[in-house]
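Protein chains: 2
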Amino acid sequence: MNTVKEIPLDYVEELLNVGIALSNTHDLESLLELILSESRRLTMADAGTLYLVQDKRLKAITAQCQTFVERWGVQTAHSLFRSFSVPIDNSSISGRVAVQKRVINIKDVTKLPEEEQHNKDFDNATNYSTKSILAVPMLNPDEQIIGVLQLINTEGEGGTEFFSENQEKIAMALASQAAVAIQNTMLTQNLQKAHLDTIQRLGLAAEWRDKETANHITRVAYYAAIIAKKIGWDQEHVDLIFNASPMHDVGKLGIPDEILHKNGPLTAKERQIMETHTIIGANILKKSPSDYMQAARTIALYHHEKWDGTGYPMGLSGTDIPLEARIVAIADVYDALSSRRCYKEAFPHPKVMAIINEESGKHFDPELVDVLIEEIDAILKIGLQYADRPEDFEKFRSYQQITVEDE
Amino acid sequence: MNTVKEIPLDYVEELLNVGIALSNTHDLESLLELILSESRRLTMADAGTLYLVQDKRLKAITAQCQTFVERWGVQTAHSLFRSFSVPIDNSSISGRVAVQKRVINIKDVTKLPEEEQHNKDFDNATNYSTKSILAVPMLNPDEQIIGVLQLINTEGEGGTEFFSENQEKIAMALASQAAVAIQNTMLTQNLQKAHLDTIQRLGLAAEWRDKETANHITRVAYYAAIIAKKIGWDQEHVDLIFNASPMHDVGKLGIPDEILHKNGPLTAKERQIMETHTIIGANILKKSPSDYMQAARTIALYHHEKWDGTGYPMGLSGTDIPLEARIVAIADVYDALSSRRCYKEAFPHPKVMAIINEESGKHFDPELVDVLIEEIDAILKIGLQYADRPEDFEKFRSYQQITVEDE
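Residue numbers (our numbering), protein chains in the order written: chain A, 1 to 407; chain B, 1 to 407.
One or more of the hints may lead you astray.
[Unchecked claim] As a list, the in silico BS3-like pairs of lysine-lysine whose alpha-carbon atoms are at most 27 Å apart:
1) B/K287 <-> A/K193
2) A/K193 <-> B/K286
3) B/K262 <-> A/K287
4) B/K344 <-> A/K286
5) A/K193 <-> B/K381
6) B/K111 <-> B/K101
7) B/K59 <-> B/K230
8) B/K286 <-> A/K56
9) B/K59 <-> B/K120
10) B/K287 <-> A/K59
11) B/K306 <-> B/K351
12) A/K306 <-> A/K286
13) B/K101 <-> B/K120
14) A/K287 <-> B/K193
15) A/K287 <-> A/K193
16) B/K269 <-> A/K262
17) B/K169 <-> B/K230
18) A/K262 <-> B/K262
19) B/K262 <-> A/K269
20) A/K287 <-> B/K306
21) A/K169 <-> B/K287
22) B/K56 <-> B/K262
23) A/K56 <-> B/K101
24) A/K286 <-> B/K111
25) A/K351 <-> A/K262
26) B/K169 <-> B/K269
27) B/K101 <-> B/K230
Bear in mind the hints are in silico, worked out from the structure with no lab data behind them.
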């Protein structure tokens, strides 16, 4: 445990409240900006850089500089930052802090012996004068190095001064809080990533049996997200439909091969069985605590309903069909028409758009048809970016050729 | 933002370090115990109860009492606690704190007017004298009530005293930190739950096509966990095999119905195709950032290898077969033998054990056969608890009968 000693009284409340604010920030980028701005504020530093340990190096993730903001404005100052990394060894100040796990407080870097000099490339390129540097290790409670917080040029009443002992203590206290907050945010991000990865696999597993390629579900997800964004959904809900839509056909897992893979039209009875994939999908996805799964269930169940009430499985019409299902319906059909399948070639773009237009108010929500047309450039771009290549159809190859792919 | 004011200097370092310790505790139960013990320590309270808001009530989650520990020892004192809940209204002290979102500091509850009396049932039942109560709201940074921290009987030099203004401030500072830590821990737990739920669905989706019931994968997961625990795996790895094993047959998604559902023995060619389910499974599960998926890939790929090298797909033998795959191999076959399938009845227990024994050192790792025999009581218990019921075979019913199950 890092024990924080002798914090000056004036900063106590500040530090406690900063700790709470850090713990409450779950987006890594915002968290790192907050750590840097709060530590600059509490130590009155003109500039600062935050390094994280990544791939056994110290990577500069973000930097802030008040002088640059005043010189060029926030945007330009921010855009000047280029990420770089230094080795974790004694060849740089931040590297030394990470190796030795202790604070380095330098009153005037220009007076350091030649071999310990601060790298002046940046100062020269930007006409900036680095004078005092306070570099603090960010150690987690197990005393492992997470990163380094480097503060530059503290400002007292008479201009640039040295970092005081008190400022050093404040920065150390903040760095300890920051280390835990960073670790927690990364833990949450990794869990979220693992969850989304598993969701993708559930969608892909279903596609494995189908006549479609893995790119199909990726394209449909993007098309749905583009439409959702255009009709004014917030980013959280756009992400939700993007991540939920890949599971729209998961119920095809329950459809017999002889129907799923039949070449030529289905009989009435076969069609009836095929249509149960919406219900089977909803049953596979039911009763989940995950928001993604709940949205996916709705989409799986209703993505074959039609605006005019002639769809399945419920025959809902108009706005009785959940909006997320109406969005995926048009995205799914648009992609089916505009891409090659095992059993058909891709239709030319004008023919695709003619069919979509013709079905406005019949199959599709007319407002969504308008949105698709407005956003057609973005949609065509995704179609090119995730176009099927010949090898994407190889999953339909013979079982003799199946080999273990890379781990 | 809760602003913490005028914390006494002596407690500054303590509070900063407690904040870090809270942020670093990710298990909800340990976190709540830590919040309560640290707030009792810093306010010198003899006893305390921690309430969380659950289902629109305040639920007492944990309680601690030094007097009881001295009277009966830690274990008995701990076992005395019975969870209870109170409404969020003015009918109790903790309820009032939650409604009014402010501290209540009562010097002597015995002197309260009749209608505001503290509930004396507990005191009477345990011969305890509650005198002073400090009850503090736990508010998150959005000022929402998360819970209430109730501290009882602070002890000064002359015995039981009143909670001072300083103790009140310390408890408030700690409660703010605690609220964020609790919220973060719950967020992580919910993400973890959603992830595990999705993993289960991936396993179930595969079973949908198979001749086995959903209970099969549940039983195999428990059997594997029992064996892993017995051979000395730590809880984390036991959990890993428990959660990864349900995906062992996910590759069957890629096997044609005519082979997967064939009654009677497979031809050599059909068998060759059937055996690719191990490779298809590994390919579906490859390159995941999730530990569960990585373990699942290994299990999917190698769970049909045999100890004597006659298995598939690689023909590995002995300890070249990853241990997690050897464990699932015996668990899977044991369950197949001991339960009914569409095409066969369950074998009687002595016959199952005779086959398993006969295959020791041939199909199965002989050490694992010994472990299965040692743990047979626990395994039989799971077999009964998750036995297939007639309705579990209904997934094989006709497509006409498929209906939407509850959301």
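Given the hint that B/K286 pairs with A/K56, test it: the Cα-Cα distance must not exceed 27 Å.
holds (25 Å)
Holds or violated: B/K56 and B/K262, Cα atoms, limit 27 Å.
Distance of about 54 Å is beyond 27 Å: violated.
With the threshold set at 27 Å, check whether the alpha-carbon distance from B/K59 to B/K120 stays at or below it.
Given that 27 Å is the threshold and the Cα spacing comes to 18 Å, the pair holds.
Sort out whether B/K306 lies within 27 Å of A/K287, counting only the CA atoms.
violated (38 Å)
For the pair supplied as a hint, B/K111 and B/K101, is the alpha-carbon distance within the 27 Å limit?
The hint holds at about 23 Å.
Restraint check for A/K287 with B/K193, where alpha carbons must lie at most 27 Å apart
Distance ~13 Å between A/K287 and B/K193 Cα, so the pair holds.
Do the alpha carbons of A/K306 and A/K286 lie within 27 Å of each other, as the hint requires?
Status holds; Cα separation ~23 Å.
Just to be careful, I want the Cα atoms of B/K262 and A/K269 compared with a cutoff of 27 Å; is the pair within it?
Status holds; Cα separation ~23 Å.
For B/K101 and B/K120, compute the direct alpha-carbon distance and say whether it is at most 27 Å.
holds (24 Å)
CA of A/K56 to CA of B/K101, is that 27 Å or under?
violated (47 Å)
Taking only the CA atoms, is the gap from A/K193 to B/K381 under or equal to 27 Å?
Violated: A/K193 and B/K381 sit about 36 Å apart, past 27 Å.
Assess, step by step, whether the Cα of A/K287 is no farther than 27 Å from the Cα of A/K193, and give holds or violated.
Given that 27 Å is the threshold and the Cα spacing comes to 22 Å, the pair holds.
In summary, the structure is inconsistent with hints 3, 4, 5, 7, 17, 20, 21, 22, 23, 24, 26, 27 from the numbered list given earlier, while agreeing with the others.
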